[in-house]
Each structure stands twice: as structure tokens, then as C-alpha cells.
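Visitor: What follows is each chain in one-letter form.
Protein chains: 2
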Amino acid sequence: MYRTHTCGELRLADKGAKTTLAGWVQTVRKFGAITFVDLRDRYGITQLLFGEELNKQLEENPPGREFVLQAAGTVNERSNKNPNIPTGDIEILVSSFTILSKSSVPPFTIQDDTDGGDDLRMKYRYLDLRRNEVKKNLELRYAVNRAARSYLHGQNFIEVETPYLIKSTPEGARDFVVPSRMNPGQFYALPQSPQTFKQLLMISGYDRYYQIVKCFRDEDLRADRQPEFTQIDCEMAFVEQEDVLNMFEGMVKHIFKEVKGIEYNEAVPRMTWEDAMWNYGNDKPDIRFDMKVTNLVFSKQMFPNKSTVLPEEMFAIPPWGGGGAEAVLAIAVPGCADYTRKQTDELTEWVKRPQIGMKGLVFIKCNTGGSYKSSVDKFYSEDKLKTIAEAAGTKAGDLVLILAGPEERTRKAISELRLEMAERLDLRKKDEFKPVWVLDFPLFEYDEEGNRWVARHHPFTAPKPSQIETMISNNPAIENTAEYVKHPYANIKANAYDMVLNGNEIGGGSIRIYQRELQEKMFAALGMDKEEQQHKFGFLLGAFEYGAPPHGGIAFGFDRLCAILGGSESIRDFIAFPKNNAVRDMMLDAPSTIDEKQLEELQIKLDLRG
Amino acid sequence: MYRTHTCGELRLADKGAKTTLAGWVQTVRKFGAITFVDLRDRYGITQLLFGEELNKQLEENPPGREFVLQAAGTVNERSNKNPNIPTGDIEILVSSFTILSKSSVPPFTIQDDTDGGDDLRMKYRYLDLRRNEVKKNLELRYAVNRAARSYLHGQNFIEVETPYLIKSTPEGARDFVVPSRMNPGQFYALPQSPQTFKQLLMISGYDRYYQIVKCFRDEDLRADRQPEFTQIDCEMAFVEQEDVLNMFEGMVKHIFKEVKGIEYNEAVPRMTWEDAMWNYGNDKPDIRFDMKVTNLVFSKQMFPNKSTVLPEEMFAIPPWGGGGAEAVLAIAVPGCADYTRKQTDELTEWVKRPQIGMKGLVFIKCNTGGSYKSSVDKFYSEDKLKTIAEAAGTKAGDLVLILAGPEERTRKAISELRLEMAERLDLRKKDEFKPVWVLDFPLFEYDEEGNRWVARHHPFTAPKPSQIETMISNNPAIENTAEYVKHPYANIKANAYDMVLNGNEIGGGSIRIYQRELQEKMFAALGMDKEEQQHKFGFLLGAFEYGAPPHGGIAFGFDRLCAILGGSESIRDFIAFPKNNAVRDMMLDAPSTIDEKQLEELQIKLDLRG
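Residue numbers (our numbering), protein chains in the order written: chain R, 1 to 610; chain W, 1 to 610.
Keep in mind that the hints were calculated from the coordinates and are not lab data.
Cross-link-like lysine-lysine pairs, in silico, DSSO-like; alpha carbons within 27 angstroms at most:
{"no.": "1", "chain 1": "R", "residue 1": "K521", "chain 2": "W", "residue 2": "K597"}
{"no.": "2", "chain 1": "R", "residue 1": "K214", "chain 2": "W", "residue 2": "K597"}
{"no.": "3", "chain 1": "W", "residue 1": "K430", "chain 2": "W", "residue 2": "K136"}
{"no.": "4", "chain 1": "R", "residue 1": "K605", "chain 2": "W", "residue 2": "K605"}
This structure is a prediction, so every number in the text was calculated from the model and none was measured.
Assemble the whole structure, with the sequences as input and the hints as a guide.
Guide: This is how it looks when you write it as C-alpha cells:
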């Protein structure tokens, strides 16, 4: 061993002890005849003191930033203590040292606030990983991994490894495929998830399965997605939705406790998908703050059971498009009535950006004095403004922001605006964790292009037990495309659930279909004929013939969960060797061309289009 | 939840309790008006008793083998107890039941001794996994996983996930490659191991890394190999060989204790590669039994420092090819002097099989009476036979078996024969675990075809510290191919180590090169020019420029380790969803053809050779 102690270990109690340390040179400071070196390793920083007698040797072999140094000496009390680090009371009086390895000047500083840009840090990821910020993230990731394992093990789950070279059955996202040399013309696929395997394990009787496992999706460029990502993948047999929810909110609470020291003992709130869309404009509501959406006008098709708070005619005037917009949605932003013209103009520009896509923004200031001021003063009396503002649940001092337009776009926009305003008001606290279950999703979405149903979650999700009959006894074909919402399938709710944390979906799952007839009906609804069903999922349909237990499960996005627990929105910071947005590993320079010989052996050829 | 208890849980103490169980029907036995059903789940088997009053319902819905049944009732003391199972004192007096799922007749019996052949069991792997034998293997695998993790965590190792989509840099085995849709014409490779990543993590300062991780090798057909396999992959910084050996024999002992309840407290024995070849004929000796090889004649080139026990002229006679064989190697098999002619003939046929490839077998029987009888009586007097037998370390009653031929083949053959005889004598006990470190491997092997050196372990393994200078100061080019053994590189020993358990290599590793100059020399010795070095490993050479610490590590073959601990020679039994010898998943029917559209998107074409 090149060391007797780590650089984070020695204290005043060790005074006088002989020690040998090894690590990286963080800084070198010369004061006349003596030299101080801060030596860094995974565990901390210890100050080395080189006395006059080592001067000659230091001059011959001057250690520089990021050199790897081995130093032997005695633990000494520091005259000038540093209370900011645990080793700050001591220093090592060096008696001898060896430079184990030299370093060129790093392309960026190895410090918490680095001067390195993203590309540089990705290329020299091995240096970026030395920074304390990044190290903390990977340590947190490991802690979450351990906490999840210890909880699941305690609950009698068993980890079973499922294969990586499987069969290509693309549904939704594209598969990465792997040409087989031994079976020319055939390909394996990398798993998008171990979904069918974990279901087979339930059929095999393993009853509580988990795996922390890499999954792969060949998707187009999307910010903060990675082609390979990690899931905490779980499945249980002989359970209903309630059992799965209880089990896995237990896991999340355990992780909160173990990793963040947070005691979260109450039940995780639950919300239907419809209520999430109604109150927050999306299905992954950030409930760290309130600021719920007020539905002034909305699509009756989407919310047949909801009613308006104000007469709809109030909004059939020019600001809302004259004849009335499909949706008019408001939020009341607390304490912002004093926004200046410049600020409201800026917000207007913000909602008009292509990513948001609104035509404009209407506001009502609920002044603390009790008066109302609005961008649509000329269409509404102050009384009417007050009526609208009160409908939006304002208090004096609030700023009501109102968007109008087509239902889907407007709802998405008000949701974005809500998050943006919360961000500006610092209501999205990084150290506050508010999970919520979102339930009762629609089982199907309608795909206009293909005039067919697509599975909102995936084709293995069961409908609510009460709706199985509806699903089996109706023909999935949509005859009148304009009125697809009237098809009985449009109203089938899934036995599915998402766990949302601070506005991010961190986990999703469902109770699964375990009856062959129902699974075949599902595949048929998705436009798969018998032959395709057999080719892609014959093994699963076959397995249902031999005693399949009722089962369900969930998968957590491990990278995302770690990022949120680490107070970051970017998963890339929590992955040791991530790929960039062009799906490249900048450090390896991968993907890359391969040898002609490799292609020949695989019996494939490039077929490049221009 | 469909159950209140599992099928392995209830005891006599629960007598009178209400319970609901769910599981699979193992057997149905009717006795007049009552019916017994053995219900099975992951935890055990519980007997259900259906009384007369349920007869009608049973007749309407008769449960069959492997049906999934839910049964509610009361815990009852059995009149006819079964001491062989933990639940054998009780039965459930069923009050109501539901068939959750029916089953067709399984294609083979779900029992410890199944009637299913390999192919059938692979195709219906989800049924095979129900068998107790297979379940036990997966449970053991999980236990080994947990024991390894707990040990490594306790030693301050951190798990870091490394990427699966990396760069193709084939060395030795072939890479599986993955075409990149986003970067047409370019490919990722699946990792053969995370070798370079774990070295980068050391350079990043993570200092103790582990990962239980899938690796991939596109190899030709070999028995009991899988294209994807699992490693316990580890690396440490600031260590020398001794540190790594101590750390990881600690891990193996911990696994022995946790998984098998075995207290193995002594030091794991160590053996040089040369001694392993000398005494056992191969570099993964099974030391559960002795029966060492006696080197009567051997290649001086391979063992320049060893001397014969008998004058070599004794073997320059017809039985050894007249002029003398390159190697004459013997083992003394205890207690087999009374082998019949039929038995020695059969052994002779055994060594003549193509897999062994010997021309014949010579034996000497050391009869208990003190006489000697041999297949080469006419060439040797009884005195000489005695001399040879004594040289082979025999006791009265032993059978000396002698093979002669070319060094490499004969050594391999005597090693195989040694294992075979041990097998016949039941000396390879499945419940005895004898690890041994094999050390001091040659760094290079000579590749005749390419007239170049190949790395015996891998190109990142360091030579012994004392031989670094030899390596750097000599030109690797081999001028006189016939005398390659005289090249200084032929004598360089690697700073590498294998852990061998019961005749199987379960782990291997090395101290790594961490100096750019030495690494470049190594790449050059393997025939890689500067450009290729830069293209394939530029990132690693670059990383060595920024302060690389001395480091080393090891990787354990997780599948193999589990198999041996489970008393099996086949890793396939310890993998949930293995592939067959044609690298196919029989259950999924993968690999398979993919859609033309997928090929188009990837911009590749098939290029099948007839």
C-alpha cells in the first residue's frame, strides 16, 4: 500500500504519529524557505509542510497541480488552523516524498466552480470526475442504490438478472439492435426495459423481483435524455394496485430517510390523472407550491364531468379570440400585483416563445388597496375583473395570469407558466421533496395518423377490473374517426400509476394483464394481427397458458431520482460517463467506424444515404 | 393482496387462524369425498383440505396441475403429519376458493427430477424456473451478489456504473457492435469488460471501485460459455499486488461464510504459474486432492530451472517413442493397483480420444504385496519399475499412469487424466472449497501466425516492477522467430494473479500500467502503431498525462463463482434466461430478423454470403 492514511482521516488526536499519504496536489504555496502543499484524495484534503531541508529536492522535482504525490512524515498541530475542513487542525511535517506521477496543466480547474465548458468537461470527463461537485453526485447515486436495495431486500424481493441480448419488438421507441455473427441476417435488440422478463418471473413464481438495470432507447435528440439509462425495476405477484402503491411509497420514504435524513411519515398524496390535468395542467404536478389552475373555459370533451365557475359568455369577447377560445386558464401568482409594465411585457414575450406558443398573455393586478388593473381594462369593468380574479382564488397583492387558446396547447402553457412563476418566486425549493401518486390514467390514446389506439403506458397494462368486460366485448376498430372519443375504449381507465416528485415523473407502473384473451385483445387494439402477436410476443402469450398469477409492478427512473435528490434538473451530472445530446461519448469518441473485417464477419454493409 | 400468508409460513402455532393462500397446484389427491391439494409458492408447499361441502364446486371447476388457486380457510392440525416439510404439521381446511388462472398440461414435470430435455426446458424456461432446483440456484446467486456487495461496501468501495454503449477496440475476443442511427456508418460496441473505465475512475481519484456488471463477448461456440456474462469488477488505487490479494481473498472468505456457512480463516495458498504447470499440468489446479504430476521428462525450454528425478536415458526406449519423447509425465492414482485389464484398457481408450489426443497410456501397478506389474514389463525390470514408481511418489496399492508426447499436449493430457481419475475416485467433493492464487504469469505469449507478442492477460497489465526497465529498453520486434524464447520479452513476468477455485479460474486481475511511455511500449509490442493507439486508446493515454496513480484490480466471473458454490460445473443453470450453445434464446426465439424499416433507419444492409 502506498499510504497508511487517507487525506481525510488525520486529526489533532493523531499528533506525533508517523504517516504516509498519497494523493493529488491541489495547491502549492511557497513561503520563503518552506512550502505548503494541499494534498487531495477521495476522502479529503490534508496540508503538507515541506521544510527547508527538502528545498533542494523540491527544486529538482517541483510538484505541480494534479501531480500524484506520496509523502511520509509526522502529524503536526497547525499554527494557522482551518476550521472549514475536518483535517484543518493538523498538517504533515514531510520527511520524504516521491512524485508517483506528473501532470500536464489540466484544461480546466479542478474546483467546485470550474472554468471548463460542457464540451471540455465531457472530453476530459476523468478530470471532471475529480471535482467535488461531481464526486458528491456519484456518492449520492451509490447511496440511493444501496437504500433501494436494502429496502427491497427487507421486503423479500430477490434480484434476478435479465438478459441484455433479446428480441427486437419495438413499440413506441426504437430499439438499439445488435447484429448476430453466429446467426447472419439476424439481430438481437438491447432491452428498452425488462418488462416481459419480469412478468415471466412472476409466472415462474418468484413473486417479488427487483433489478437495478440498464435500459436502452434509440430516441431522437431530446434534452436531458440518455440512450442508456438505469431503472429500479420491480414486480410483485398476487397484488392489487393498493399493494404496489404502499410498497413503493415505502421505498421512496426509506430512500428519503437513508440518503437525505428526511423523515417523511405521512401517506403520499394521491391524485387522479384528470385532477392533475385540471388543477395543474399536466400529469406530473409539482405540488411543492399551490398556485392551482383556474379553469375559466375548457374542453368539455376532455372534462365532461367538470363545470365552469363563471358563465362562459364572459369570455366570448375579443381578448379570447372573439368567438371564444377552447380553453381560458388562469393562475394567481402571489404577491406580484406590483409587477411593472416591463415585467408584464417580458412575461408576455415569454409565453409567445415557440416553446410555449401562446398568442398573448392577459393579466389582472389585484392591488393591495382593493383596486384591479388589467391588460384588458377596456373589455371588462373593474367589477368583472374582480369577479374573475376572485374566481381564480386571489388574495390582495396577487397577479392573475390568463392564457387562452386551443385546449391542449393552452393547458401545457399554463402549466409551464406556473412552473416559471414558481421558479421566479423561489417556490421550487431544492431541499423540499413532495411526492404524489397520479392514478387512473386513460388506458389508450388515439393515434390520428394511424387511426388506431396506442397504449398510453405499454401494451401489458391492465384496464381497471370493472372495465375488462368493456374491453373484451367491444371491437377496437374506430369507424368514425372524428368521434373517436365516443368509442367505449376512449373511456377505459388503466390500472396504472405514476409517482411524481417535485414535478418530475420518477416512477411508473401498472397492474398487468395476465389473461391471454385480454392480452390478445390489447394487441389487436394496437393494430397487431395474430401473426405479429405470435412472432413478437408468442412466448408471453404461451406463458399465460400455464398458470399466470395476477401481478403488477413499477419501474423508477434511477438517474432522474438521483438528480432530483441531488437538487439538480440534469441527469447527466449524476452519470459517471454520460453521452452528449448527439448521443456521442466525447471522451471515447464513440460511436466510431469499425473495421471492414468486422462488417464482413457480421455479413452487413453500410448503406449510407448521401 | 390476494393472500394473507405464503405457502411456507404457517405452523402448528397458527392452528385455528383464518388464512388466505395463493399459489400453484402441485398435486391433487382425491380420497372419496375429500380432496387434498398441495399448493406451492416461492416459500414452500401447504396442504389444502377440501371437504365434502366443496365437492360440487370442485367438480364444476376442477383445479389441475399448475393452476393458480386462491384458497381461504382455517389452519388445521394434520392427522398424518409430513416431517419433511416445514409446514408438514398443518393443513388448511378450505372454506372457499377461486381459480385465478388455469394451466394447460406442462410440457415437462415441475419437479426436482424433471423429465424435460434441455431444449424443452430452455424453450419453456418460465416453467423450468418453477423447479426447486433452479430456484435454489437463483437464490444462491442473489446471496453471492449480496455478500460481495456487503464486503466491498464495508471496505469503502463505491459502485459506479460504467457505460454499455462504448467504442469498439477489439483485442482478442470480438466485440458485439451496435449501429448508431444518429451517427450513420458508425457503431458502438458492447463492453467486453469495463477495464478502461475503471482505470479512468482510479485516475479520477475514486480509489476503490466495484460494479456487478454484464459484459459481452462475441466468441465462437464453446461449451458452457455465454455471450453475455456477469462480472464482479473491482479496482483499487495506491496498491501493490499484495494489497489486492489480501483484499479479495477476504471477499471470497466473506462469501464462503455468508453463503455457505464455511469458516475459511487460513491464508489462501499461493502458487507460481510455473509451479502450477509443473505440478498440475495447468494453470488452474484443483487442489482439493493431491495426485501431483511427476515430471520424468520435460521441455527444458519451458522449465529451464527444473531438473529431472531420474536419468533421462531411462526413457529413451520404445514405449516413449524410442528416441525419447519431449515430455513423459506421470501421476500416482491411490488405491487403484487392482484395476483389471478391462479398466486399464478403458483408460487407454480414454486418453486416445481426440479431445485428449495421446497415442497410448503406460501404467505400473504397485501391488500391495510389493510386486510391480506394468504394461511395459518387457522394457523394464521390476527394479526399474519400482524406481519409476517411487519417483512418482507411490504407496503400495497405487496405480501409476504415464503419458508421453509433445510437451504442451502431454501436459494438458496428464492434467485432464488427473481430474478424470479424481472424479472416478470421488475426490472432487462438491461441498469442499479450495481456493488458490496463481501468480507470476508470463506477460506475453508468442503468436506464431502474426510473429508478434500477444498480451497473456490484457494490454493494461504491468510487468513486474523489476522488469519495467527490460521492457522499455528493448525493441519488441522478434528477428529470429525460431528463437523467440530468447527474446528478453519472453521472460518478462506479469504483475498478474488468478484466483482458482476447485480447478476453475474464478477471478483474474493485475497491477496496471499507469505510465504513458510503458503503455505505448506495450501497445507497440502488440503490433499497434501510434495512429491505431491514438484511435483506440487515445483517451487512456491522454488520461495518463494528468496524474495517474498506481492502481490494480481484479474481476471475478460471477456466473462461474455461483455455479461452483452451487456444486455445478454449468453456469447455465445459474442464469435466469441463458442462451444455448448456438447463442440463441430458445424462449424468445432471438436473435431474429428485423424490419426493413429498421435497417433503413440504421443505414445498413444485409450482405449474406450464400
